[in-house]
Amino acid sequence: MKKKYVAVFGAVLMVVLIGAIFILGNAFGKPEAVGGLLLDENAQEWEPEQAIASEDAQGIQIPGYGTVVFPSNEKEVSMTLYNPKENICIFQFSLYIDDENTPIYTSEGIEPGKAVQEITLNRALSKGEYTLRIQIDPYDAQSGAKHNNAIVTALLQVI
Amino acid sequence: MKKVFASLLAGAVCLSLAALPVSAGSATEAGDIELGTNFTFEYKNDPTYTVTIPDALTIEKEGSVMSIEASDVENLGDQKISVTIAGTDKFRDQMLLEGKTEDGQQASLRYYFEFEDGRRIETVGSNINGTEIVSFTENATKSFTVKPILEGSSSIKKGVTYTGSMTYGIELVPVE
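These protein sequences, in sequence, are chains A and B.
Position in the first sequence counted from 1, then plus 1054, gives you the working numbering.
Position in the second sequence counted from 1, then plus 90, gives you the working numbering.
Careful: at least some of the hints might be erroneous.
To be verified - In silico PhoX-like links for lysine-lysine, alpha-carbon gap of 25 Å or less:
no.	chain 1	residue 1	chain 2	residue 2
1	B	Lys232	B	Lys170
2	A	Lys1129	B	Lys134
3	B	Lys134	B	Lys180
4	A	Lys1200	B	Lys170
What the hints assert, rightly or not - Covered stretches of chain B (chain A as the covering partner; in silico rule of three or more C-beta atoms under 8 Å from a C-beta of chain A):
no.	segment
5	142-148
6	252-263
What the hints assert, rightly or not - Covered stretches of chain A, as calculated for chain B (at least 3 residues, CB under 8 Å):
no.	segment
7	1060-1066
8	1156-1166
Because the hints were derived from the structure by calculation, they are not lab data.
Note that this is a predicted model, so its numbers are computed, not measured.
Every residue, glycine too, gets a C-beta built ideally from N, C-alpha and C.
Make the full structure from the sequences, and use the hints.
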């Protein structure tokens, strides 16, 4: 009788342990979310080569781009999509070509002080010049509420 | 002694030769040697300037001052940074704030931008998207006043929190 109780107790304990491991494993495996916006796992700490903006600036600091160069026929391209560390909001970047309404790339949330530098486009581009529209959507870090946003337009050269 | 000296001398010669710059080269099948240098260049698509925009529209009865700042501006050549209105979150991109009364009635409030030179930007008839607010050729802060339009509309109601957001267009354009 005693052996039976020990066996049952042992089986129950095993089930509880397995369940706990499963739940904890799922919790640690999930990407972090802030205000409903998933954070981009590829975002890394990034410092500009020179000071980008004065620390006294209020509002939302939006990075501007001159001419952007991508390699032709490549989906994997380099571009620094940066959220200045002075901001207190999460950035989401979307890239559009010319007047297209579907983005060729959308990032997850990028925290202040971080940037993604290697991105994968939805499609490779042929050689030529395009208009690149970089839509920057800032979200409140706590509530996920949307702030004023910006669309930075730059010349895109695909070579 | 002579052998030691000779060894030291040979070692010194070897070291001095190792310090000489040598170009990368390759031998062809014909036995000729081709010298060349491999150049690599990585184009960094990093940000080249920063524009600080207001994070929210805040309007007081007498008007509120808002500022837009450009920083890290250099090597623009014959271009300027143009900050324009690219849209709002309201129907037809109007310069409009909206809210609800406690009993659920819709309320709306129009607003406009006023500049020191008397220039005014407001939604009157046609779409204002693309209208330039300010421009920069160097690091600077430019301010303007946001004012509510309180007369001439029955949709303005007291005790309402009006909200709205704006999309700013930012672009390098030729200086006129």
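Q. Per the coverage rule (Cβ-Cβ under 8 Å, at least three residues), is the segment 252-263 of chain B covered by chain A?
A. Coverage by chain A holds here, the residue count being 8 at a Cβ distance below 8 Å.
Q: Verify the coverage statement for the segment 1156-1166 of chain A against chain B, using a C-beta to C-beta distance below 8 Å and requiring 3 or more qualifying residues.
A: violated (count 0)
Q. Is Lys134 (chain B) close enough to Lys180 (chain B), meaning Cα to Cα at most 25 Å?
A. violated (37 Å)
(Q) Tell me if the straight-line CA distance from Lys232 (chain B) to Lys170 (chain B) falls inside 25 Å. (A) holds (14 Å)
Q | Satisfaction of hint between Lys170 (chain B) and Lys1200 (chain A), Cα-Cα up to 25 Å | A | Not OK: Lys1200 (chain A) and Lys170 (chain B) at ~28 Å, beyond 25 Å, violated.
Q: Decide if the proposed pair is consistent with the structure: Lys1129 (chain A) and Lys134 (chain B), CA atoms, cutoff 25 Å inclusive.
A: Given pair Lys1129 (chain A), Lys134 (chain B) holds - Cα atoms ~17 Å apart, limit 25 Å.
**Q.** Coverage of the segment 1060-1066 of chain A by chain B, judged on three or more residues with CB within 8 Å
**A.** Violated, because only 0 residues of the segment 1060-1066 of chain A bring their Cβ atoms closer than 8 Å to Cβ atoms of chain B.
Q) Holds or violated: the segment 142-148 of chain B covered by chain A, criterion of 3 or more residues with Cβ-Cβ distance under 8 Å? A) Held - the segment 142-148 of chain B has 6 residues with a Cβ nearer than 8 Å to chain A, which meets the minimum of three.
This entry does not satisfy hints 3, 4, 7, 8, going by the numbered hints stated previously.
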